[in-house]
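Participant: Residue numbers (this note's numbering), protein chains in the order written: chain A, 63 to 421; chain B, 63 to 421.
Don't take each hint at face value.
Where chains are identical, the list cannot tell them apart; a pair therefore holds if satisfied intra-copy or between any two copies.
[What the hints assert, rightly or not] When the alpha-carbon atoms are kept at most 30 Å apart in a straight line, the in silico DSS-like pairs for lysine-lysine are as follows: (1) K373 with K249; (2) K268 with K256; (3) K157 with K133; (4) K359 with K64; (5) K133 with K249; (6) K268 with K405; (7) K397 with K64; (8) K194 with K256; (9) K280 with K133; (10) K267 with K133; (11) K83 with K280.
Hints are computed from structural coordinates only; laboratory data are not their basis.
Residues per chain are reported as follows:
There are 2 protein chains.
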Amino acid sequence: MKEMTLTYDHLWQFANAVFRKINCPEDQARLATDVLLSADLRGIDSHGIARLSGYVRLWEVNRVNSNPDIKTVHETPSTAVVDGDGGLGLVIAPKAMEIAIQKATQVGTGWVAVKNSNHFGIAGYHSMMALKHDMIGMAMTNASPLVAPTFSVERLLGTNPICVAIPAGQQPAFVADFATTTAANGKLEILQRKNQEAPEGWIQKKDGSISTNPNELKDGGALLPLGGDREHGSHKGFCLGAWVDIFSAVLSGANYGPWVPPFVSFLSPPANPVGEGIGHFFGAMRVDAFRPADEFKNHMDNWITRFRSAKTVEGMPQIIIPGDPERESHAERLKNGITLNQKVAEDLKELGSKLNIAF
Amino acid sequence: MKEMTLTYDHLWQFANAVFRKINCPEDQARLATDVLLSADLRGIDSHGIARLSGYVRLWEVNRVNSNPDIKTVHETPSTAVVDGDGGLGLVIAPKAMEIAIQKATQVGTGWVAVKNSNHFGIAGYHSMMALKHDMIGMAMTNASPLVAPTFSVERLLGTNPICVAIPAGQQPAFVADFATTTAANGKLEILQRKNQEAPEGWIQKKDGSISTNPNELKDGGALLPLGGDREHGSHKGFCLGAWVDIFSAVLSGANYGPWVPPFVSFLSPPANPVGEGIGHFFGAMRVDAFRPADEFKNHMDNWITRFRSAKTVEGMPQIIIPGDPERESHAERLKNGITLNQKVAEDLKELGSKLNIAF
Chain A
63 MKEMTLTYDH LWQFANAVFR KINCPEDQAR LATDVLLSAD LRGIDSHGIA RLSGYVRLWE
123 VNRVNSNPDI KTVHETPSTA VVDGDGGLGL VIAPKAMEIA IQKATQVGTG WVAVKNSNHF
183 GIAGYHSMMA LKHDMIGMAM TNASPLVAPT FSVERLLGTN PICVAIPAGQ QPAFVADFAT
243 TTAANGKLEI LQRKNQEAPE GWIQKKDGSI STNPNELKDG GALLPLGGDR EHGSHKGFCL
303 GAWVDIFSAV LSGANYGPWV PPFVSFLSPP ANPVGEGIGH FFGAMRVDAF RPADEFKNHM
363 DNWITRFRSA KTVEGMPQII IPGDPERESH AERLKNGITL NQKVAEDLKE LGSKLNIAF
Chain B
63 MKEMTLTYDH LWQFANAVFR KINCPEDQAR LATDVLLSAD LRGIDSHGIA RLSGYVRLWE
123 VNRVNSNPDI KTVHETPSTA VVDGDGGLGL VIAPKAMEIA IQKATQVGTG WVAVKNSNHF
183 GIAGYHSMMA LKHDMIGMAM TNASPLVAPT FSVERLLGTN PICVAIPAGQ QPAFVADFAT
243 TTAANGKLEI LQRKNQEAPE GWIQKKDGSI STNPNELKDG GALLPLGGDR EHGSHKGFCL
303 GAWVDIFSAV LSGANYGPWV PPFVSFLSPP ANPVGEGIGH FFGAMRVDAF RPADEFKNHM
363 DNWITRFRSA KTVEGMPQII IPGDPERESH AERLKNGITL NQKVAEDLKE LGSKLNIAF
């Protein structure tokens with residue numbers, strides 16, 4: 063079996079059947095499938111259907127609750143804390159974002175911290191939910207520790223992504239969705255498959271020295287915060303990752319830093335948890351809580367147009383506005399299908415056999 | 063005249079007298095002085111008294127209004143837009159932050175966008191105002207364009223700093239205050255004075271090629287977004303700078319991107335403004351809008367203690383928690399005085415002579 067290209071609908075039916083098989087209620091299975099596959103459509107392959115068997119394995123060891131009672135445990139007019147009851151982050155996150163949007167409708171902005179959750183797919187899905195309401199959306203999450211702060215040899219932070227989605231008028235929305243490391247883990251996986259070296263500044267060895275080996279994490283190495291080293295601002299990348307960790311988990315009551323449970327089922331969560339599950343943080347801000355929405359969107363169109371038309375370095379393409387590549391991928395893959403690499407295709411086939419679902 | 067060391071009180075009296083001389087009301091002069099000198103205390107020399115003569119020159123050409131009518135022009139329970147009436151950002155910013163804090167007191171969080179302002183000193187001062195209320199504080203501002211987005215040869219963004227200040231219990235607060243570029247402009251000024259080269263990844267030449275010349279900006283070069291180049295994540299630094307620009311200026315109605323007026327009085331603002339003055343954005347979130355403040359602060363203490371005690375790369379100092387270096391500088395300089403380099407000392411002496419204030 064080599065790589066395979068399948069339609070979005072085909073993969074959607076498969077993933078949905080898998081979520082139903084692990085006893086997700088019908089509406090939650092649909093939501094989880096939508097969120098999961100939005101990653102594949104947007105070209106963020108590391109966060110899409112490639113993770114499906116991982117979610118199932120977490121459910122098998124009772125670390126994912128497929129029928130959670132998701133509830134608000136504390137709130138003010140503009141804030142809430144949601145307890146995800148150990149459910150799939152794919153389900154908990156959009157429900158928490160809906161609460162942020164409701165609060166923004168009422169008082170201008172809404173901010174929701176989530177505890178007792180699991181991996182939530184791509185941050186972009188959740189923050190983009192705000193766009194159709196003429197709101198700015200924000201989403202962030204902590205993740206299992208793979209990143210060494212500046213000067214540290216210990217892995218204390220996850221790749222802790224942030225997404226900010228900002229509506230425009232005629233132009234497509236501005237959607238900045240990025241890990242707070244120099245390179246996301248998915249980038250390393252691509253190099254591993256191609257047997258290529260990583261650039262300096264992405265990873266370090268177990269002792270903190272420079273490495274270009276994309277397999278270094280297996281030997282106790284670490285990803286590096288955005289910036290790579292102190293001279294190039296890695297302390298700022300550390301600030302960003304720490305900010306995400308604290309908003310997602312110290313505000314909500316989830317596990318933070320080195321206590322965040324691992325995504326993989328074969329590694330046990332730390333024995334002395336400081337909170338419940340992993341944490342997320344969501345925000346929604348009504349644009350017209352600041353100025354009339356049309357006025358704002360006209361200026362966003364002007365901002366985007368001006369930046370996109372900037373003079374480029376010779377031989378370089380036009381300036382990329384955050385969200386451009388993902389939107390192009392979405393259109394292309396919806397039309398031409400989603401290509402799975404050999405390893406993912408085999409993994410899904412095996413999953414289908416195990417659960418008796420045709421792949 | 064070589065470098066000079068003066069006490070905080072001495073410099074405070076001088077700066078306050080200068081602000082009074084340009085007709086700032088007494089309370090506003092005091093506030094502007096407090097904010098300005100907090101930069102010198104915290105070791106961010108580029109944003110402190112070194113800029114005083116620059117503010118005066120902007121006032122001389124009628125680009126700073128020393129007696130502004132600062133007012134809220136739009137609001138919801140959790141948001142406000144403040145029109146700074148062309149005043150000093152040093153005065154407008156803390157007043158806007160007060161509004162954010164008031165709103166957070168009422169509805170959990172408060173978010174204030176500011177237009178028609180000027181340079182606001184260090185973001186840290188404003189966000190740290192939240193700490194004594196057991197709130198998380200955020201501050202950001204756009205600035206005159208010196209930064210080229212990834213692939214661009216045009217300077218379209220400022221160094222656009224962000225600060226997030228988070229209260230702790232026994233431990234000092236977490237205060238991450240950083241420019242969204244690889245290196246802040248102040249770092250280049252230090253290299254210029256020492257006649258040293260900059261590392262690769264900080265700046266580019268006019269044509270977008272690599273430069274290590276700290277004077278490159280005078281020849282049309284640009285600072286680079288955090289990350290430095292595409293391979294090292296400069297598109298993420300661009301996302302951050304763009305986010306700050308849009309929150310500060312497109313939400314508020316200030317100038318954004320290449321339209322942001324220059325700080326220096328000898329350069330004219332763009333002839334076709336898209337908004338009023340420069341823009342800022344502030345946030346305050348009550349910790350107990352999420353969980354009991356004591357509980358939160360205990361976990362912050364645990365977070366900080368765990369990260370600070372992490373195992374370091376051999377020969378490296380302990381892990382630096384955001385805010386540590388600035389807090390140490392504050393204590394040291396309050397005790398031993400603030401050292402001004404020769405150029406700044408001469409500039410202030412000249413300013414004193416011009417305004418008839420003893421330096």
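Participant: State for each hint whether it applies.
Facilitator: The hints, checked one at a time:
no.: 1; hint: K373 with K249; in the structure: both (29 Å within a copy, 27 Å between copies)
no.: 2; hint: K268 with K256; in the structure: within (23 Å within a copy, 36 Å between copies)
no.: 3; hint: K157 with K133; in the structure: within (10 Å within a copy, 37 Å between copies)
no.: 4; hint: K359 with K64; in the structure: neither (46 Å within a copy, 52 Å between copies)
no.: 5; hint: K133 with K249; in the structure: neither (35 Å within a copy, 48 Å between copies)
no.: 6; hint: K268 with K405; in the structure: within (27 Å within a copy, 45 Å between copies)
no.: 7; hint: K397 with K64; in the structure: within (21 Å within a copy, 69 Å between copies)
no.: 8; hint: K194 with K256; in the structure: neither (39 Å within a copy, 53 Å between copies)
no.: 9; hint: K280 with K133; in the structure: neither (37 Å within a copy, 57 Å between copies)
no.: 10; hint: K267 with K133; in the structure: neither (42 Å within a copy, 54 Å between copies)
no.: 11; hint: K83 with K280; in the structure: neither (32 Å within a copy, 64 Å between copies)
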